[in-house]
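Number of protein chains: 2
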Amino acid sequence: MASKEVIEPLLPTSSNTIGTRILDIPRSKGRLRRTKSAPHADSPHSETTGTGTGADTCPVPRSGFIFGNLGPSLRRVALVLILYMGIGTLCFYLVRYQIRGEKTNGIVDAIYFTIVTMTTVGYGDLVPNSPSTKLLACAFVFSGMALVGLILSSAADYLVEKQEILLFKTLNAHQNGHCDMTKEIDTDKARNKCIVVFLLLILFIISGTVFLVTIEKLGFIDAFYCVCSTITTLGYGDKSFSTKSGRIFAIFWILISTITLAQFFLYIAELNTERRQKSLVKWVLSKKVTNLDLEAADLDNDRVVGAAEFVIHKLKEMGKITEDDIAPVLKEFEKLDVDQSGTLSTSDLTLAQSS
Amino acid sequence: MASKEVIEPLLPTSSNTIGTRILDIPRSKGRLRRTKSAPHADSPHSETTGTGTGADTCPVPRSGFIFGNLGPSLRRVALVLILYMGIGTLCFYLVRYQIRGEKTNGIVDAIYFTIVTMTTVGYGDLVPNSPSTKLLACAFVFSGMALVGLILSSAADYLVEKQEILLFKTLNAHQNGHCDMTKEIDTDKARNKCIVVFLLLILFIISGTVFLVTIEKLGFIDAFYCVCSTITTLGYGDKSFSTKSGRIFAIFWILISTITLAQFFLYIAELNTERRQKSLVKWVLSKKVTNLDLEAADLDNDRVVGAAEFVIHKLKEMGKITEDDIAPVLKEFEKLDVDQSGTLSTSDLTLAQSS
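Chains A and B are the protein sequences, given in the same order. So the first sequence is numbered by our numbering: it starts at 9 and just counts up by one. So the second sequence is numbered by our numbering: it starts at 9 and just counts up by one.
No lab work stands behind these hints: they were computed from the structure. Glycine residues also receive a C-beta, built at the ideal position from the N, C-alpha and C atoms. The hints are all genuine.
Covered, in the sense of this in silico footprint (three residues per stretch, anywhere, with C-beta under 8 angstroms from a C-beta of chain B), are these stretches of chain A:
#1 228–239
#2 286–299
Examples of chain A residues lying across from chain B (beta carbon under 10 angstroms, computed):
#3 R311
#4 V313
#5 V319
#6 L323
#7 L357
Work the whole structure out from these sequences, hints included.
Spelled out as structure tokens, the structure:
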């Protein structure tokens, strides 16, 4: 469910920014040191795009691709959701006499049934009562699951990042300047996202419980039980939304709260991965470099290991890259290195691109 | 939910293997070319561990960490599952008179109710009928969701890989040798896993439908509808397992089939990510290298770009690594480069480790 979107135009921009940055630095032997000491200032995104601030720090590489197409991705998800809801409502409204159970308003029930099916809550307070309606429900639950996956993989993450920035901006309001806030977010991205989603979840649990107590006239325990049963998509169905206003509330509340809980579990998993990755990085960096390591790292076989070779070796040890990531790039390098000097220069490029 | 496990001892082994391999290659200017032309033979895992065969090829870096601790992870998941089921069964057996609905055998119903709750199917054929039982069910559904996430993140992936190897071994039985099979699996890991899980899913749908028709005496459409309603965890509850033998079957079938469907959606997402990553890699490699790229890639500022520098630059463009991955390694490099020559040699190591 954690498939992240990639948009290509981002990358040339990113590399150009880095290129410009490096050109600004005076050319001396000490440049390597500069690049090292200022990793945060280096990030081309931290100042320009608010939502992409932490993506560079995130040790889970898949997340690194999020910030590119949040706009279009969100629009696409919203469009698919509207389309799904529209078709669902129309279908279940047309077959409303083949659905049995507690009825309120025709349209409201159709939307409510679509949401309850899509999120796999499946209370059973409304159930299909004819073979064709049953098959229709089957089709909608499968596509609903896929749609929830789509929402989780792009839209939810985007919205949480937005809220995260808002929250930490408020919390850091006493500090002056945007930069501090950005750094704060950078330091522990996954943890902050967990906190934000957890707070949202508490909010939805409270609002759902209060609503069920006041509007649906349930007891407190029953209301809380119905809320838990709903957000986990358990949906035993002994307690559900049975009034018209209850179902109108449920349409929005069920969609948002079930997705928030799923997102919460995803972030917990991401947090675990991040922690594990961080400790792995620490371990790889602290372990003793042996002569065997030097030999392994010596890519161009000049008997010494340059900074770049060392970086590749260590990133391989960290599992961030593999032989198979490197091989095609080396092939490309060989193609460009026309004079076979083992290095690329401007003349190589001119030769390679003219031939 | 896609949090993958990392075990540390794997990595030194991996790097040592690479070290040994490079030592075997005659030291000449042409060595770079050799490394490039044989990426598959390079993989230290492809011959030794059956389950890890494709992990090096997988463009989704998170999956690269799976193969390390499948054994312990699987055992841990099995242990947690048994513990959860044991406590669940005991609790719901003790409060069996506070659960209303269609009853069969006390123990069977307790296990069945635990499974129906844990997987969030929640038919509602058995529902808690007292405040304490309702709160108990709430506790079990939350922990059940976490447990399903745990199963999805480790055990299910492991079992699918096992089955994948079995399947493709059978399909490739006419080809001689283990190596061909390994290569076949390597070429399109995510697609193969999708196929395997899809076939399993079909198997579970058919077996569930047949069982419901023969044992629970449902009509074909109703049986299929109940199967769909169950594996998606929708569980309207108008059709469910109501006999003792039906529930014994359901205990195993619900757990396996719901996890298989969730895993199927996860693999579809992984497949999409993989395809997108592949096209991004292709695009980054095919795009024209400019002088600006050369300047950006020139990490050690010697006015030429070595193979390793080129690799880092391109991997950064692909989004596989970021500045923040590189910065701490460069810091470590600087610490080791005692004579500040810009390269690491045996003498650097001796100096750095004696001080």
